[in-house]
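Asker: Residue-level listing of the chains:
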Amino acid sequence: MRLLSTIAFTLLRAKLRQSIVAAVGVMFSIAMFVTLLGFMNGLNQLLDGLILNRTPHIRLYNELRASAEQPIQLAYADSTTAGKAPMHHFIHSVKPKDDLPRLRNATAIMDVLKKDSRVLAVSPRLVAQVLFNVGTTDLTGQVNGIDIMQEVRYYMFQDYMVAGDPYDLANGNNTIVLGKGLADLMEAKIGDLVQVTTATGDRTMLRVVGYFQSGIADYDKVQCYANIKTVQKLLARPASYYTDINVKLNDLEEAPVMAKELAARFGVQATDIQMANAQYETGSDVRNIISYAVGIVLLIVAGFGIYNILNMMIYEKLDAIAILKATGFSGSDVRRIFLLLSVIIGIAGALGGLVVGVTLQHIIDNIPFVTAALPSVTTFPVDYSIRYYVIAVTFALATTWVAGWFPARKASQVDPVEIIRGK
Amino acid sequence: MNTSELVLEVEKVNKSFHDPVTIQVLKDVDMQVARGEFVSITGKSGCGKSTLLYILSTMDTDYEGELKIDGEPTRKASRTRLARIRNEKIGFVFQFHYLLTEFSVLHNVMLPGLKLGLKSREEVEHRAMVLLGDLGIADQALKGANQISGGQKQRVAIARSMINDPLIIMGDEPTGNLDSRNSGIVFDIFRKIADEHKRSLLIVTHDQDFAARTDRIIEMDDGRVVP
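Residue numbers (this note's numbering), protein chains in the order written: chain A, 1 to 423; chain B, 1 to 227.
Just chain B, with the same shape it has in the complex:
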């Protein structure tokens, strides 16, 4: 595997929670994700898979070890730089959709794009409409974010994660709140993103069927990656 193709590299990451007693939740975690790879992380509750994901997301900076995103070390980067990396290179889909209810569906998708500021408002709006169209919810674009169904909300969240054409999309149980039909739709969308857009996906899930259909499964147990 060519190293320049690696979008995510993790070296010897350790993390402990200190409250109320010190518990080490991640132990010497090493992993890599290549461009266009669809990876899932599975494991039992409390095995540290979500904790790992939030470290990878750059939002949690309280750990030891090194994390490189697109070859750039992030351990010592400033918070502003990390915010920029999240904006430009990482897309997020959470179990809960986290749409801003004050804004329309379209505006929710556009926000990270407007924040990046590389394209004009019209271009961002156009791209948002294309994404919503791809996800089959273009007709909902002008509705309020809380006027659409749960499955649709999650698709809006996916569109939002893709607005800046990120290198990697991370998901924390993105299908956890969805019925099997909507889960299927979301999986197909992810599959398409990996295959057609050559974007990497790193999805934390405990849905074994979902994990089984991804390119690679990283299984975690008690803070370690099971080899």
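Isolated chain A, as found in the complex:
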């Protein structure tokens, strides 16, 4: 085998320029493949992150609704044996009963979830509808009472704060982070006090400690964030009063199944992330398919380049093949020599391609990219996942192997007698 690779290398050196052209073909395709996929997936992650980072995998809440089964339907429901027909339910527009939109037993549910091995993080939330009093007008808003440290850790809260420090929100009493759009409307500066009226008519003054920008304009005109204790005080509710529990899982794929399970177990409503954001995944998939298709086409084109050059080399080297066979190299030895040639070109091209590809990725990563949607992003996003390098190299080697195999087989079938007698 060592002898065969020496021969392959020597033949390669003799045809250095053509070999380099072939390797450069592979190099370009690998570089483009790596760059394209890294950039495309960086964008995908950025766009998905817009929603997915901010969205819990499962959200548990209690929606006030009329009971699905009214008393009249339950009475005599299974009494056909007693000879009486079930009662007819004739009441239209049944109203929900007077209740608070809270999760019952929220503390106990959270304790159970925290012990579940599938669960990464559990954070409570208390959502309050409020009016901001600005001079003589009122602006509607929604104050989300959150556990700041949990949100920072698991939902990238700090990435979306364009001004102020999340820790001020965590530590301060009666503090609020306003949506950027809302703050602009109210002309509220950091440190200003804003007056808030709850649905029950209670009024409170809150201090602005920062702005929040999600990138979705309508959302930023309404949403505000405050410490969960502040919101409980605002609504005059006890410390165990939560409206939502947000669950983040270790594996996002488990969300739909687990949402159903939790809904049944705790008697609450549960939405999962896939149901809430199905369209994001579709978009990512389509973008991925396009980039893979382009990358693979590039590699196949490079494969044809190798095929051509090896074919040419075999015609030029017929004498060498003939004498190698005459002096005792078998057909499979000759085949291996030419396969080796192809694979050497493939490996050299693949390594070069990786270097160029990673360089291009870094260049793209340094191009400024400023968007209102993502305050924390300043340059184009690139995903440096090792997966693309592995796929690119594997596919390049496979392509060069196939591209080399046909010429190599032809070389192995050269009849030395025909060549030698032809002289």
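Because the hints were derived from the structure by calculation, they are not lab data.
Incorrect hints may have been included.
In silico SDA-like pairs for lysine to any residue, Cα to Cα no more than 20 Å straight-line [as the list claims (entries may be wrong)]:
#	chain 1	residue 1	chain 2	residue 2
1	B	K76	A	S332
2	B	K76	A	G331
3	A	K233	A	A170
4	A	K221	A	A163
5	B	K119	A	M1
Here are some chain B residues the structure puts well away from chain A; computed CB gaps all over 12 Å [said to hold, decoys possible]:
#	residue
6	L6
7	D30
8	Q32
9	I55
10	E72
11	A83
12	R84
13	G91
14	L100
15	E102
16	N108
17	E123
18	G151
19	E196
20	R213
21	R216
Here are some chain B residues pointing at chain A (derived, C-beta under 7 Å) [said to hold, decoys possible]:
#	residue
22	Y54
23	N87
24	I217
Using N, Cα and C, we set each Cβ at its ideal position, and we do this for glycine too.
Given chain A's structure and the hints, the job is docking chain B onto it.
Answerer: Just chain B now, kept in the frame of chain A:
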């Protein structure tokens, strides 16, 4: 003649070319070559002498009859086995030298030896240098294969044919491209191989002077060996 001393035996070999019309080029050829024998095959152009040589070389397998090399029947041997036999037991010298121009003279000589793989690289290199020295071209060893003269190239080809110490060396017009001085040198080398190394030689030639100085002449005419 002791049969175990026969390196080459040919029994009733027939061969036809079928393109464009069927022509029988070899008709019931029988021949034998003993160890250390220097044999030449002569005959007119188209009498089938080269065709016979390529059958004997095991490279052409499209024939009828039997060919034994060193007592081993080759008719049904696999292509890999035939390649091994060529590597180990047969040396070739052609009219054209067929050196690999990408390699040095020394490396050209070493290649079949490295392929055989029975000796280390150093031993093969040493033997190649000894052979080149015997042939008077040791000083050319590190040159490229296309940087030396025609006569020298043919001597390199002879060295290459001997690297694995084969039982028989076959030549197809090995002096055909050489002037009389270089032909003489090549003949002397062959003579020495037969006499001193006890190797058989089977040389196809139409050079009557060359043939006359060999041990035995097999003359062919119209596909038959002239008795």
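Asker: Next, verify each hint and record whether it holds.
Answerer: To see whether the hints hold, each was checked on the structure:
Between the alpha carbons of K76(B) and S332(A) the distance comes to roughly 19 Å, so the proposed pair stays at or under 20 Å and holds. The straight-line distance between the Cα atoms of K76(B) and G331(A) is roughly 17 Å, inside the 20 Å bound, and the hint therefore holds. At roughly 15 Å between alpha-carbon atoms, K233(A) and A170(A) fall within 20 Å of each other, so this suggested pair holds. With a C-alpha separation of about 16 Å, the suggested pairing of K221(A) with A163(A) holds against the 20 Å cut-off.
With a C-alpha separation of about 15 Å, the suggested pairing of K119(B) with M1(A) holds against the 20 Å cut-off. Listed as outside the interface, L6(B) is consistent with that label: its C-beta sits roughly 22 Å from the nearest C-beta of chain A, beyond the 12 Å cut-off. Remark: the non-interface label on D30(B) is consistent with the geometry, its nearest Cβ contact in chain A lying 22 Å away (cut-off 12 Å). Once the 12 Å rule is applied to beta carbons, Q32(B) is consistent with being away from chain A; the minimum gap is 23 Å.
Under the 12 Å C-beta cut-off, the non-interface status given to I55(B) relative to chain A is violated; the minimum distance is some 9 Å. Distance check for E72(B) against chain A: the nearest CB is about 15 Å away, which clears 12 Å, and the non-interface claim stands. Distance check for A83(B) against chain A: the nearest CB is about 4 Å away, which does not clear 12 Å, and the non-interface claim fails. Not every CB of chain A lies more than 12 Å from the CB of R84(B), the least distance being 7 Å, so the non-interface label is violated.
At roughly 8 Å, the least C-beta separation between G91(B) and chain A is not larger than 12 Å, which violates its mark as non-interface. Annotated as non-interface, L100(B) brings its C-beta within 12 Å of a C-beta of chain A; the closest such distance is 5 Å. Consistency note on E102(B): stated as away from chain A, yet its beta-carbon is not over 12 Å from all of that chain's, at 4 Å minimum. Separation of N108(B) from chain A is inadequate, the least Cβ-Cβ distance of about 9 Å not exceeding the 12 Å criterion.
Consistency note on E123(B): stated as away from chain A, and its beta-carbon is indeed over 12 Å from all of that chain's, at 14 Å minimum. The claim that G151(B) lies off the interface holds: its Cβ sits roughly 18 Å from the closest Cβ of chain A, which is beyond the 12 Å cut-off. At roughly 23 Å from the closest C-beta of chain A, the C-beta of E196(B) stays outside 12 Å, upholding its exclusion from the interface. Under the 12 Å C-beta cut-off, the non-interface status given to R213(B) relative to chain A holds; the minimum distance is some 25 Å.
With a minimum CB-CB distance of about 25 Å to chain A, R216(B) clears the 12 Å threshold, and the non-interface call stands. With its C-beta approaching chain A no nearer than about 5 Å, Y54(B) sits inside the 7 Å limit, and its interface hint holds. Because the beta carbon of N87(B) sits about 2 Å from the nearest beta carbon in chain A, less than 7 Å, this interface hint is met. At a threshold of 7 Å, the smallest CB-CB gap from I217(B) to chain A is about 22 Å, leaving the interface hint violated.
When each numbered hint is compared with the structure, violations occur for hints 9, 11, 12, 13, 14, 15, 16, 24.
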